[in-house]
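Take a look at the letters that make up each chain.
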Amino acid sequence: MSRDSIDRRTFLKVTGATAATVTVAGCGGGGTETTEPGDGDGDGGDGGDGSDGDGTGDGGGGDGDGDGDGGDGDGSGLSGTLVYARGDHPENYDPQQTTSGEVAKVTNQIFDTLIQFTPGSGGQLEDGLATDYSLEGTTATLELREDVTFHSGEEFTAADFKATYQRFTQSGFDYYLGDENRSGYGPFTLGNWIDSVDASEDYSLTIELQQQYAPFLRNLAMFAAAVLSKAQIEKMGANPDDQVSLGTEPVGTGPFAFEQLDNPNSRILLTANEEFWGPGPNVAEVVFKTIQENSTRVQDVINGDSHITDNLDADGFQQAQNSDSATLLRKNGINVGYMAMNMARREEFRDRRVRRAVSLAVNTEAIVNQIYQGFASQADQPLPPDVLGHNEDIEPYPQDKDQARTLLEEAGYGDGFGFELATFSNPRGYNPSPIQTANQVQSDLEDVGLSVEINQFSTFSPYLEYTDQGRHDACFLGWYTDNADPDNFLYVLLDPKVPMDAVPDDQDWVSFDTEGYSTLNVSGWANTDFMETVREAQRTYDEGQRESMYMEANQLAHDEAPWVFLDYAETLRAVNEAVVEDSYTVSSVGGPYLNTVEIQ
Amino acid sequence: MSTDTHADDGPGDAADDRRETRGLLERVRASPFLSDLLSNRLAVAGLLVILTVVVVAVYARVTMDLTELTRSRLGTDVPDRAPPGWVGPAAWNQYLFGTDAAARDIYKRCLYGAWLAMKFGTITVGVSTVVGVSLGIVAAYYGDVTDNVVMRTMDVLLAFPPLLLALALVAIFPRELGLWRAVAALTLVYTPRFARVVRGAALKVLEDEYVNATVALGASDPRILARHVLPNTLAPVTVQSTLNFGLAIIDLAALSFLGFGAQAGTPSWGLMLSRGVDNGLLTGRWWLSFFPGLVLAVTVLGFNLLGDGMRDALDPRMREAVD
Amino acid sequence: MASLRFVLKRLLLLVPVLFGVATVVFGILHLAPGDPARIIAGQRASAEQVAQVRRELGLTRPLWVQYLDFIWEAARFDFGRSYSISQGNPVRQVLADRLPVTVELALYGQLAGIFIGIPLGVLSAIKQDTATDHLTRVGALSGISVPIFWSGPLLILLFATFLGVLPTSGRIDSTLFLPTTWTLLGRELPLTGMITVDALLLGRFDAFVSAVRHLLMPALVIGIYATALISRMMRSSMLEVVRQDYMRTARAKGQGAKITVTKHGFRNALIPVVTIIGIQFGTLLGGAVLTETVFGINGMGLTIVRAIGASDYPVVQGTVLTFALLFTLVTLVVDITYGYLDPRIQQ
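Protein chains in written order, with the numbering used here: chain A, 1 to 600; chain B, 1 to 323; chain C, 1 to 347.
Simulated from the structure, these hints should not be mistaken for lab results. This structure is a prediction, so every number in the text was calculated from the model and none was measured. Each residue gets a CB set at the ideal place from its N, CA and C atoms; glycine is no exception. Careful: at least some of the hints might be erroneous.
[As the list claims (entries may be wrong)] Pairs of lysine to aspartate or glutamate residues, derived as EDC-like cross-links and limited to a Cα-Cα distance of at most 20 Å, are as follows: (1) C:Lys9 with B:Asp77; (2) A:Lys401 with B:Asp144; (3) C:Lys9 with B:Asp36; (4) A:Lys497 with C:Glu48; (5) C:Lys127 with B:Asp36.
[Unchecked claim] Beta-carbon label-pair distances, calculated as ranges: (6) B:Ser35 with C:Gln66: 54 to 64 Å; (7) C:Glu188 with B:Asp144: 49 to 59 Å; (8) A:Ser79 with C:Gly164: 48 to 58 Å; (9) C:Thr60 with A:Asn322: 51 to 61 Å; (10) C:Leu68 with B:Asp144: 23 to 33 Å; (11) A:Phe417 with B:Trp92: 53 to 63 Å; (12) B:Thr146 with C:Gly27: 18 to 28 Å; (13) B:Arg152 with A:Ser325: 51 to 61 Å; (14) C:Leu184 with B:Asp36: 55 to 65 Å; (15) C:Gly139 with A:Phe417: 48 to 58 Å; (16) B:Trp180 with C:Gly58: 30 to 40 Å.
[What the hints assert, rightly or not] Now the stretches of chain A that chain C is said to cover, found in silico as 3 or more residues with beta-carbon under 8 Å: (17) 91-102; (18) 179-188; (19) 237-249; (20) 256-267; (21) 285-293; (22) 450-462.
So that you can see chain A by itself, here it is in the shape it has in the complex (with noise of 0.2 Å):
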C-alpha cells in the first residue's frame, strides 16, 4: 500500500490520459465492469469521486483499490468476487457510531483491533495490531506491529489507538465524536475503566486502568475498540458533525479496503488489501448486499448469487440442506434467550417458588426443537457453554407441570393470576421465532392456572424503552456477547450495579428507580450473595479462581431462577458450493473472517 499511497484521484489527475483511465476504470469496477477505452474517461475517474463522497479525507475511499484488484501489474493475480447477503443495510461504517452487528460485519472487514478473537475459537484471544500484551494490576501493557499500514498509506503508530481511544471517548479531546454520535460502547467498553493512554512510542502502548478489571484485554478485541487513522481523524474536521461521515469512507488496516457504498442498491463494494499483515485476503473483491426477506437471502445462496448468508431461520435452514448447491455450517453461538421476571413490578415473583413454578411449567424442550427447529440448545444458566465458568453440572428445568402447580400452591398462588409478556415480534439470533414462543409460553402456563397477556412490540426500539423504564410484568429479551468474557453476561444482566447497602436485608430485588440501576437488568434482581461473587471474579485475573467464582454464580441464577432460561441458539450460515471448503470458519464471536474465504 505504502507504495502507492496517492489515491486514484490524484493520480488520474497527473496522468489524465485515456491509457491511464483503462487500466483505473478496470480498477474501480473490479473484475466484472468492462469498460470502453472511449468511455473510460468519466468512468473510472467518478467511480472515485463516488467512493469519496463529499470530497472530504480523500486519502481514503478512493485507495486501497491501486493494488486489490491486481489489474495493475504487481503480479499476484488475485481474483474472484466474494458475495456476502445479509438482513440490512445500514449506512454508516463507523465502528464508534454503532452497537450494530451488521455495521461491524463490515468494518471487522476493513479495521483491525489491537487483539483479535482467533477466527472458530469461540473467544480464544490471539495478537493483532499488537504482537505481545499483558495486563498486570491496572496497568495494560501492549507492543505493536511495526510496518503496517492503513489503506491510505499512512503507518500505523500507538497515536492511531491514542487518538481513536480519544474520538471515542473523551469530551475535551478535539476531535471528539460528540455525546450524540458515539455508541455505547464507548463507556461501556472503555471510557468507563480506561484511566490513560500512554502512547508515548510508536510501537508500545501503555493503558492505565482505574481499577483491575479482567476482562479489559477482551474489551480490546471487540469491533468497536477497532484503530481508526490518527490522520484520518484530523482531516474530518473538529465539529462532531463531520466526525459523523468518517462512516461513509472508512480507512482501515484490515485486509479488504471500503471501495463504495452504494445505498440505492443496498450494497458495499470491498477491494483486497493486498498489504494486509496477517492471512489472505484471497480474493480480488468483497460485495456485501442486501436482501432482507430470510428465505428469499437463502435462496439466493442456493442460486449462487451470493456466496455466504447470516440469520438464517428454522425455514432457511431447511431451504440449504435441502439444496445440493449450498451447505450449512453451524457452530456454538456465545448468546442467551431468557424470559425475566420482574420482581420489582410484580409481588409474585418475588417468590422464588413462584419463578421455578415458572420455569418448570414452560416447555423449553418444545421451544428449542419444534419452534427453532433444533437450531438453539435448552438453556440452563445464565451463561452459554464454552464461556469460561459454564456449569455442566447445571441441567435444564424439565417440563413438570404438576410440581409447578405444587410450587404455586405453596406460595398461595393456587388460584393462579395473571401477569403480562413483553415481547418483540422480529427474529433474533437468540430468538428467531418470538410470537410463537410467547405463545407457547402462554398455552404451557395457563396449564398451571397462570393467565398470561402477550404484548408485542412491532419494533424493537420501543421495545428496549419499555423494558428498559421496568414496565413489563415479564419479558423476553437474550444477549449476543461482545467479548466471550462470562462477566459480559452475569455481571451486565444481571447484577443491578448499586452499592451493596442499597439493598435492604431480607430482600433479593431493588426498585428500577434505585439510584446507579443498571436497566440491563430487567427482573430486577439483587441478590446479594451473587452480586458479590461476580465484583469479585471481576477483579480476579487468575482464571482457575474465576472460574469457579462464576460456576457458583451459574448454580446461584438457576436456582434462584430470576429468567426463565430459554435457549442457547446456534451460530448458522449457509455457503455456497463455490466457496472452497474450510477456507471460510465461521465465529460466534467477531468475524465474519472474509480474510482467508477462497472461492472456485
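Following the hints, position chains B and C against chain A.
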C-alpha cells in the same frame, strides 16, 4: 380529491318528481339499480361469495372456541407443519388444510378467519361510512366555511398514499390495542373517501329544484338532510362501502404483514398468510400460506365483483364521485 | 389549453394542504412511542447518556418550539440527519438516493398498467357481456384481490426457485457497479438514480439487461394493480360514452361502429381514465411499500418501513412528506390535464 368539484351536466332526469312522492322501499324496488345489478352475472357471483363467507363466519363464531384456535399445540401429539391429510400420509380428511408451525389446524383457523375478516371489515368500513357520510352531507349542505374546513381537512388526509398514512398512524396508537389500531388507522384513511363521495352526490341532489322547493316551504335542516339528501346518496355510498370492504380486508392483511396488525396466534387470514409465507413458502410447505391466501383472495374478489357491478348499475350522475 | 389562472388557483390551494400535511406528520411522530435518544444511544447506554442525547437533539424544548422548527425545516425540505437507518447522513441525501428508485418502479408499473389496461378495457367494452368480457374483468379484479405480499413470493417461487431464470431480489447483479456520474460533451453530469436509464446513459448494456431482469417481477406485481384499475375504468368509461347521444347520432349518420368508437369514443372515454391513472398513482406508491419489502428494493417504501421500525423520525418525516408532495403534485398534473381534455371543468 378533485373529481368532486367537477360539475356534471348529465342528462336531465325525469324520475326526479316521481321520486319525491314515494317511500324509500318502493323507490329501491323500482330503481333500475337493483334490476341492473341482478342482471349482472358477475355481480351476482360476487354476492354469492360474500353470502357464503358470512354464513361460514357465523358458523365459526358459534361453534368454535377462539382460545382453542389460538393456543400453541406444540408438545402435544399433534404434528406441527403437517401437510393436508389428502396429500400426506394421514387420513385424507385429517387436517384438511394441514397444520401450522404451532400445530394448529389451518382449516379451522381459516373458517374462524372469516368471522374476523367480516367483523373487522364491517367495523372499519362501517365507522368510516358513518363518519364520512355525516361530514360529506354537512359540508355539502352548509357549504361555505363549513365546507371548506371539512373538505380541506379531508384533502390533507387524502394527500397521503393510503397504506403509508395507515402505517404512520398505526405507530401512534397504543400497542395493547393489537388489530384495533390497524382498524382505527384504516378508518381514518377511508373516511375522507366517503366524505368526498357523499359531498359530491349531495351537491347534485341539492342542485335539484325540488329540494329548493322544500326549503322554500320552510322545512328544517335535519328534515331536509334526512328525508331528501341522505336517501339520494345511499347508492354511491353503498358502492363505495362494498369496494372498500375488499380493500379493508386486504389492507388489514398488509398491515399484519408489515408487523402492525393482529396479535400473535390470532387466526386472521392476513396474519396466517404472512406467517405462512415466511415459514414455509420456499421450503415447500405451501399449505401454510396457500389456504389462508386463497380464502382471503376469493373473499376480496367477491367484494370487488359486487362493487364493480354496483358501480356499473349506478346512476351515471352519481358514478363519477366513486372511485 | 388550460388557463394560467386555473393552474395558479390549483397551485395556491396546495399551500394549505401541504401545511396540513406537515402538521399531521409532526403530530403523528410526536404522539408515537419510542424515544429517539434511546435509539441513538443504543442498548448499552446508561440513563444519563440517554438524557444527554435527548438534550442535544433538542427534544427537551417546548413542543411549540419544536413544531415551528419543524415547519421551517419542512419548508426548506431539510429534515436534519438520520438517527439510525442511514446514521448521521442528511435525510435529504437519503431521499435523493431513494426517490428515483421508487419512481422508476412505479413508472414501469404504471406503464405496464397503461399498455395492458387500456386495450383490455376497450376489448372488454366492445365485447360487452360476452365470455371475453367476463374473463377479462374477473382476471383484472383477481389481480387486485391478491395481496402483493403473497403474489410476490409466489412469483419468486416460480421464476427464481423452480425455473431459476430471474434473480430473487435487488436491482442489479451484485457484482455490477456503476459510477455515480456520466460525461456528456466533456462535462460531468449526475446520473438519474433510475438504474435502467443510467445504464443506457453510460452505454452499459450488460447493466441495462441486468437491471431489466431485476425489474421484471416487481414491475409485474405493481403493474397488475395498475392494469386492473385502468382496464376497469376504461371499460365502463367506454360503455358510458357509447351510450351517449352524440355517439348514437354519429352512428345514425352512417359511420361504422369501429370508426365511431375510435374517433369519438376513445378520446372522451380517456378523460376519466386519466383521472384514475393519477389517483391510483398513490395506490401504486403505497404498493411500492409492499413490493419493495418483498423484493428487497431499497426505495422510499422499504426505507419508510425500516425507518418506522427503527423510530428514525427524521427519515420518517422526510419520506412521508415527500410521498405526500409527490402524490399531491401528480394530482395537480391530473387536474390540469383534465382541464385540458375537458375545458368545462375550468369554470
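Hint check:
no., hint, in the structure
1, C:Lys9 with B:Asp77, "violated, 70 Å"
2, A:Lys401 with B:Asp144, "violated, 70 Å"
3, C:Lys9 with B:Asp36, "violated, 41 Å"
4, A:Lys497 with C:Glu48, "holds, 15 Å"
5, C:Lys127 with B:Asp36, "holds, 18 Å"
6, B:Ser35 with C:Gln66: 54 to 64 Å, "holds, 59 Å"
7, C:Glu188 with B:Asp144: 49 to 59 Å, "holds, 56 Å"
8, A:Ser79 with C:Gly164: 48 to 58 Å, "violated, 25 Å"
9, C:Thr60 with A:Asn322: 51 to 61 Å, "holds, 55 Å"
10, C:Leu68 with B:Asp144: 23 to 33 Å, "holds, 31 Å"
11, A:Phe417 with B:Trp92: 53 to 63 Å, "violated, 45 Å"
12, B:Thr146 with C:Gly27: 18 to 28 Å, "holds, 23 Å"
13, B:Arg152 with A:Ser325: 51 to 61 Å, "holds, 59 Å"
14, C:Leu184 with B:Asp36: 55 to 65 Å, "holds, 59 Å"
15, C:Gly139 with A:Phe417: 48 to 58 Å, "holds, 56 Å"
16, B:Trp180 with C:Gly58: 30 to 40 Å, "holds, 33 Å"
17, 91-102, "holds (count 6)"
18, 179-188, "holds (count 8)"
19, 237-249, "holds (count 5)"
20, 256-267, "holds (count 7)"
21, 285-293, "holds (count 7)"
22, 450-462, "holds (count 5)"
Hints 1, 2, 3, 8, 11 from the list above are not met by this structure, while the remaining hints are.
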